[in-house]
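Residue numbers (our numbering), protein chains in the order written: chain A, 1 to 307; chain B, 1001 to 1307.
Check each hint, because a few of them may be wrong.
[To be verified] Listed below are several chain B residues computed to face chain A (Cβ distance under 10 Å; list not exhaustive):
| id | residue |
| --- | --- |
| 1 | Gly1050 |
| 2 | Val1052 |
| 3 | Asn1064 |
| 4 | His1181 |
| 5 | Ala1240 |
| 6 | Glu1248 |
| 7 | Arg1255 |
| 8 | Thr1257 |
| 9 | Ala1267 |
| 10 | Trp1280 |
[As the list claims (entries may be wrong)] Not the full set, but computed from the structure, chain B residues with beta-carbon under 10 Å of chain A:
| id | residue |
| --- | --- |
| 11 | Glu1035 |
| 12 | Gly1039 |
| 13 | Leu1113 |
| 14 | Gln1262 |
| 15 | Gly1265 |
| 16 | Ala1269 |
| 17 | Leu1274 |
| 18 | Glu1287 |
| 19 | Trp1305 |
[Unchecked claim] Okay, derived cross-link-like pairs now, DSSO-like style, lysine-lysine, Cα gap no bigger than 27 Å in a straight line:
| id | chain 1 | residue 1 | chain 2 | residue 2 |
| --- | --- | --- | --- | --- |
| 20 | B | Lys1279 | B | Lys1227 |
| 21 | B | Lys1303 | A | Lys227 |
| 22 | B | Lys1303 | A | Lys279 |
| 23 | A | Lys227 | A | Lys279 |
| 24 | A | Lys227 | A | Lys303 |
| 25 | B | Lys1227 | B | Lys1303 |
| 26 | B | Lys1227 | A | Lys279 |
Derived by calculation from the structure, the hints in this document are not laboratory data. Cβ atoms here follow ideal geometry from the backbone N, Cα and C, with glycine treated the same way.
Residue strings, one per chain:
Protein chains: 2
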Amino acid sequence: MDTSEARDYFVDLQQRIVARLEAIDGRAFRRDAWERPAGGEGVSCVIEQGNVFERGGVNFSHVNGDSLPPSATATRPQLAGRGFEVMGVSLVLHPRNPYAPTVHMNVRLFVALPLAAGEVAAPHAQPNWWFGGGMDLTPYYGFEDDAIHFHRTCRTALEAFGTEYHPRFKRSCDAYFFLRHRNEPRGIGGIFYDDLNEGGFEHCFALTRSVADHFLPAYEPILERRKDHAYGERERDFQAYRRGRYVEFNLVYDRGTLFGLQSNGRAEAILMSLPPLVKWRYDWRPEPGSPEARLYTDFLVAKDWLA
Amino acid sequence: MDTSEARDYFVDLQQRIVARLEAIDGRAFRRDAWERPAGGEGVSCVIEQGNVFERGGVNFSHVNGDSLPPSATATRPQLAGRGFEVMGVSLVLHPRNPYAPTVHMNVRLFVALPLAAGEVAAPHAQPNWWFGGGMDLTPYYGFEDDAIHFHRTCRTALEAFGTEYHPRFKRSCDAYFFLRHRNEPRGIGGIFYDDLNEGGFEHCFALTRSVADHFLPAYEPILERRKDHAYGERERDFQAYRRGRYVEFNLVYDRGTLFGLQSNGRAEAILMSLPPLVKWRYDWRPEPGSPEARLYTDFLVAKDWLA
Chain A
1 MDTSEARDYF VDLQQRIVAR LEAIDGRAFR RDAWERPAGG EGVSCVIEQG NVFERGGVNF
61 SHVNGDSLPP SATATRPQLA GRGFEVMGVS LVLHPRNPYA PTVHMNVRLF VALPLAAGEV
121 AAPHAQPNWW FGGGMDLTPY YGFEDDAIHF HRTCRTALEA FGTEYHPRFK RSCDAYFFLR
181 HRNEPRGIGG IFYDDLNEGG FEHCFALTRS VADHFLPAYE PILERRKDHA YGERERDFQA
241 YRRGRYVEFN LVYDRGTLFG LQSNGRAEAI LMSLPPLVKW RYDWRPEPGS PEARLYTDFL
301 VAKDWLA
Chain B
1001 MDTSEARDYF VDLQQRIVAR LEAIDGRAFR RDAWERPAGG EGVSCVIEQG NVFERGGVNF
1061 SHVNGDSLPP SATATRPQLA GRGFEVMGVS LVLHPRNPYA PTVHMNVRLF VALPLAAGEV
1121 AAPHAQPNWW FGGGMDLTPY YGFEDDAIHF HRTCRTALEA FGTEYHPRFK RSCDAYFFLR
1181 HRNEPRGIGG IFYDDLNEGG FEHCFALTRS VADHFLPAYE PILERRKDHA YGERERDFQA
1241 YRRGRYVEFN LVYDRGTLFG LQSNGRAEAI LMSLPPLVKW RYDWRPEPGS PEARLYTDFL
1301 VAKDWLA
């Protein structure tokens, strides 16, 4: 297992995606290289008040630590407290146009070191490693075409690795991006996986690269179709209200966010996922039959978009 | 231990506070009585787009359940999984005027039932109970007079019960309302206590009543002084930015919020604490020496306001 190859891939991925997003927006991202005192480094690429993106970030990070925090070992309690190394790229984009959906993509490699202090090594102890990743779409005004295109591209990204992956990762996505306290999905889903360690490192790494490389093909055509759609105050208001759900999910449930905050990550980079302008209001419901209501009835529902 | 007396007190407290806030605002709160399918009930009193309050809520709830969630037993792991009853009043007020601080007050009584399924009763097994509560102030533009008045009233609320309470509860407040990922307090503090079970039920109940009864004397003079202060877009913008910290605290750290969400509480009532309009922006810092910078340098610091 050579983690430097993964690192090179993630560094290049960030550059490629940012370059393309800059071409779309017409404005440059700000680039901040940072070091983490407790170990590790990263580069945050951020855009705010762009022509297309009201706020967005594409972060690379590669950090290590003495003790895996609970958010990273929920499904592997035997690894709690081990030293670790984690690297990856995470992005969230909040377009200004309410007809253009928010998108999230993340790919990462986790390595838990084999020995905790005082533990006796098995004869051929290997580090534990796993990949995680995925992408998901959060529209404010839903479009069937967009949902089909996004899910189709997710399926394409995975099909060379086995036909079972897409349904499995789509289900994981629906289960993960769900606000239990609202009984509501965050968006229309996509794919999500974590703890992927099967078929060998090369298989998992290749799958992860394919997911990441399909991000732009999945999102760019949707953005191009929607970014110049006419809108007014009503749509901006609904967008700001719905963005509240994004904040609720990321701060209450999201493992990556909690892992970052618990492991003394760089808060400003982690919280790049939060939208620029958000409204909360009490017990608000859309007018039945309105375009806003259709988001709830036609899009924020469990659905097989490729059926 | 008679919990009906506590219940009567909390119900009346909510009514008294809402009546006074309505007199201040000039607009009525909306009142929503609700029942929780899994057991319990409450009344949410909410104001939005009032003359003084941009958003605020005063909630009474009295709920019971089969199994205490983890957020309620962090410091009492032996009670995890027990049946419970919890009642109290919780309020958060977000004035529109950026010179008027946001305030939070909460008082509650927790009762953990003595027996989990299959557990053998001790001969004189009693339910475990504890009170919790406090109030704290979150200014956007700080005023020394306000901070002194608020802390002085908190001290007055506690002094009849023992001189050690105020310093102890002030320290707890500073420790609790702290954003670790920002290394920054939420506001200027006040008092906070949890797990209070000492000197008998009557002592703890009387102390809790005194805290709650000092809420209006602590906050109202400050609000009266600041609610008509002239302000512009700059101050509104800073207020919206700082309100992001309030969201981050409540969704990432606040035990009451997490308890409510984990126990299938009424999300709209619990999330009344979230501000109406919030902005996030990347790596923003106030101009050194500006009024905004003075919030950080002069108010968001550990400080004995009564020295």
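Hint-by-hint comparison with the structure:
no.: 1; hint: Gly1050; result: violated, 12 Å
no.: 2; hint: Val1052; result: violated, 17 Å
no.: 3; hint: Asn1064; result: violated, 19 Å
no.: 4; hint: His1181; result: holds, 4 Å
no.: 5; hint: Ala1240; result: holds, 8 Å
no.: 6; hint: Glu1248; result: holds, 6 Å
no.: 7; hint: Arg1255; result: violated, 13 Å
no.: 8; hint: Thr1257; result: holds, 8 Å
no.: 9; hint: Ala1267; result: holds, 4 Å
no.: 10; hint: Trp1280; result: holds, 4 Å
no.: 11; hint: Glu1035; result: violated, 15 Å
no.: 12; hint: Gly1039; result: violated, 17 Å
no.: 13; hint: Leu1113; result: violated, 25 Å
no.: 14; hint: Gln1262; result: holds, 8 Å
no.: 15; hint: Gly1265; result: holds, 8 Å
no.: 16; hint: Ala1269; result: holds, 9 Å
no.: 17; hint: Leu1274; result: holds, 4 Å
no.: 18; hint: Glu1287; result: violated, 18 Å
no.: 19; hint: Trp1305; result: violated, 27 Å
no.: 20; hint: B:Lys1279 / B:Lys1227; result: holds, 22 Å
no.: 21; hint: B:Lys1303 / A:Lys227; result: violated, 49 Å
no.: 22; hint: B:Lys1303 / A:Lys279; result: violated, 33 Å
no.: 23; hint: A:Lys227 / A:Lys279; result: holds, 22 Å
no.: 24; hint: A:Lys227 / A:Lys303; result: holds, 25 Å
no.: 25; hint: B:Lys1227 / B:Lys1303; result: holds, 25 Å
no.: 26; hint: B:Lys1227 / A:Lys279; result: holds, 22 Å
In summary, the numbered hints that this structure violates are 1, 2, 3, 7, 11, 12, 13, 18, 19, 21 and 22.
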